[in-house]
Amino acid sequence: MTAEEVVITRDTFAPALGLTDVVDRLRNRDEVNHLFQLILEFLSNEGAITELDQPVRLGDAELPLLLGRTFHVRLGAPLKEELHAIANAAALAMGAVSFATDDWRGVTLAAIVALSQRVHLLKQEYGERCLVESLTEVDRPTAEAGCANLFSKRCRRPNAGCRFHVVAEDSCGLDLESFRSTVDDLEQRNILRRRNAVDPYEYSVSV
Amino acid sequence: MLPARPKQTGSRRSYSENNDSDGTERLLTRPMPIHTRSTRDIGGKDVDVIPVPSQVFGIFFADRGELRDELRSATMDALRHIAASPNRRLRERDFVVWVGTFTNRIGLDLAVLGLPDGVALAVAESFYATVPPYTDLGSYPWRDCSAVPYFRYDHGVVIEYASPAAPGVDHQGDIVARGFELADGSQKRPTTAPITSFPSLRASKLHSIDTWLVTNEQIVKWISALEGAVSFTGLRKICTNYFGLSVFLEPRPEIVRLGSIRTGLISPSGECEVRILIASSLPAELKRVVLAHELAHYALHFPLVYGAQLVEEISWDIPELQLVYRSILASRFRRGLHDLEEDADRFAAHCLIPPMYLPLGRMASVTLEMGRQPTGAELAWRFLQPLFPESGLTTYSWRNWDEMLSRAQREMAFVKDLSIAEADDLYLRMLLATLENEAGGRNRKRMVEGVQECWSELTRVLESLEVASTPAEVRAALTGYGDWEDGSEGELFPEFGHRRELLPPLDETEGMFPVVPLAPADRNKTGAKQGLWQQLNEPSSPRPLVEWRAATADHGVMLYFPETWQTRRH
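Protein chains in written order, with the working numbering: chain A, 1 to 207; chain B, 1001 to 1570.
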């Protein structure tokens, strides 16, 4: 299978690498910057990226807009899939920490790769991946808020064969009791952790 | 202090509609209706989908422990009073009551009960009669109040909004419990201003130095009259309809990475078409920045691009001319393209924060926030935030004021020692340029003189070439221009290469595509072809190649690479 070749800059990396859905979940520029650096590091480790020179010189019959760093990326389908998983894990990890404390700067590639492997084990057919994502999207990541963010809304992964997929309405049927049970299970598996000691408990991804 | 009189219903402000589809949202003259979601919430309750208002009319209270219970009772009493009113106009209405918190300018936390902005006086008075003593009244942005739906009055039915897990149980028989969902994006602040002034002339699509002088003036006048950030769609229309510039969206990164301005072939009368290519994968907000940047290159540096095109065409016969031209440019612009890029960025930033607002220090000098006066640079930073997709992810208000100040200071400190060449993204480029404009801009005298001198010198070179008829005379005419090294006797200058990658003209119907030589693998003194020809670039993906007639023995086969919009025409 031939590899896809794309040219990316800081501004164009999301659509070029198929990561728009991940970047849309980030909260601010700092997180997008951090994700970009993690992706550069990951692709560099995979030997899939080279930095490009300026394509034109003064005196050519065109004047382009030049940015500081431009990269050429070669992506086979497996690497593209792995890249999306890494980016997804990075978004989850950054969603678990606070801008105010700058904890996300400690979200390293090694930690992301480890998290990505744990996230990969999440069972989509039991709604686990959607549940984890939902908790990173709500302001107060309690079971109730996370569940309300999913229940009766359009199913995010209709092809996953999830037991909570209400096929007739293509919506999510993950009720609060099931949500709480799944959260407890994910906590035991060290994928989620509690952030506070008092009910209602808030949860975040364990990085 | 007397309570402020709420606005009468029926006299709402109307906003101009902006029909741009590039992320500019309309402000509607009427709020979107509330509708019931087809699915229930986790507690089994019906769910109202409620559009977020831009403003609420707030009744503010000093926050204390028992306040919430008092507010709840007071709201229910007020709504019951409205439901029982003999006045049909008062009874027959539908509105949401919001509840939230607000931190005022001296740091006091207040509770707020929010009524619709412009609520009828009779409705407000029903609340004044029941609520506990309040500290203030007034219209405030919804976002500043962290408000959520509290109750709804719907034509005699009183609805209380409960948490998703709460059961759908009626309270006291006459109040219905429901869930709520806020409708995203129903009303957002616009990020562009409508274009209200237009250039007085429409430029032709054929450009020369003489026509550019006129169009340039129009561009500067038009930008000076801008009243707000211009949208990509609006700017594109102005470029096409008034400045004679064709703007194309290009999907292939090997053709253009972000944006580029290019000329077509120069006609015998000395005119050419000019086009701007923008990467189609960019979001609209960034397309706007790229287009503004390329427009700036046209306005400020067109003679350089036109001169380069002229040199390119002449160099098919006199290849050394290209080296001479590069040398002329290098002597005037020591930092090469970076000089031109910074110049264009400062100009382009005016399409985001127009000149009429600068310096923002004037506005800052009459502004007081939390007892502190902001700087002009801080205001420039703030105005820039909603104009970019990433910086616009966070909406700033009194709630996250400290975060905003901290981020503004951090970013301005970061760019302080950054050069244009080091900026990795368009936001940083525009922030740098905006802060420079706010500080008074840079003296453009060197750039203006540089462009003029380059054009004048090129003209002199071309005039001397007109009378040269042998290679020796050509060489003599070119010697003395620039500081490049001469090659060994009898040979052309060693840096010369036959390599060409030309950009085809806009008008394809005549088939007037240029002939471009390949780089010979082994070139001899007379220029005769020997060995294999090498293609100019290794293509990264298959692209159409059109082989044209071989012009002369020392030129060989020539290639051009059509842009996507051109291939669509075939």
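Hints are computed from structural coordinates only; laboratory data are not their basis.
Warning: the hint list may mix true and false statements.
As the list claims (entries may be wrong) - Within a straight-line C-alpha distance of at most 16 Å, the following computed EDC-like cross-link-like pairs (lysine to aspartate or glutamate) qualify:
(1) LYS1416(B) / GLU1342(B)
(2) LYS153(A) / GLU1181(B)
(3) LYS1445(B) / ASP1339(B)
(4) LYS153(A) / ASP1046(B)
(5) LYS80(A) / GLU5(A)
(6) LYS123(A) / ASP30(A)
Unchecked claim - Simulated coverage check for chain B against chain A, where a stretch passes if three residues somewhere in it have a Cβ under 8 Å from a Cβ of chain A:
(7) 1143–1152
(8) 1231–1240
(9) 1331–1341
Cβ atoms here follow ideal geometry from the backbone N, Cα and C, with glycine treated the same way.
* Asked: Going back to the hint list, which numbers does this structure go against?
  -> 6, 7, 8
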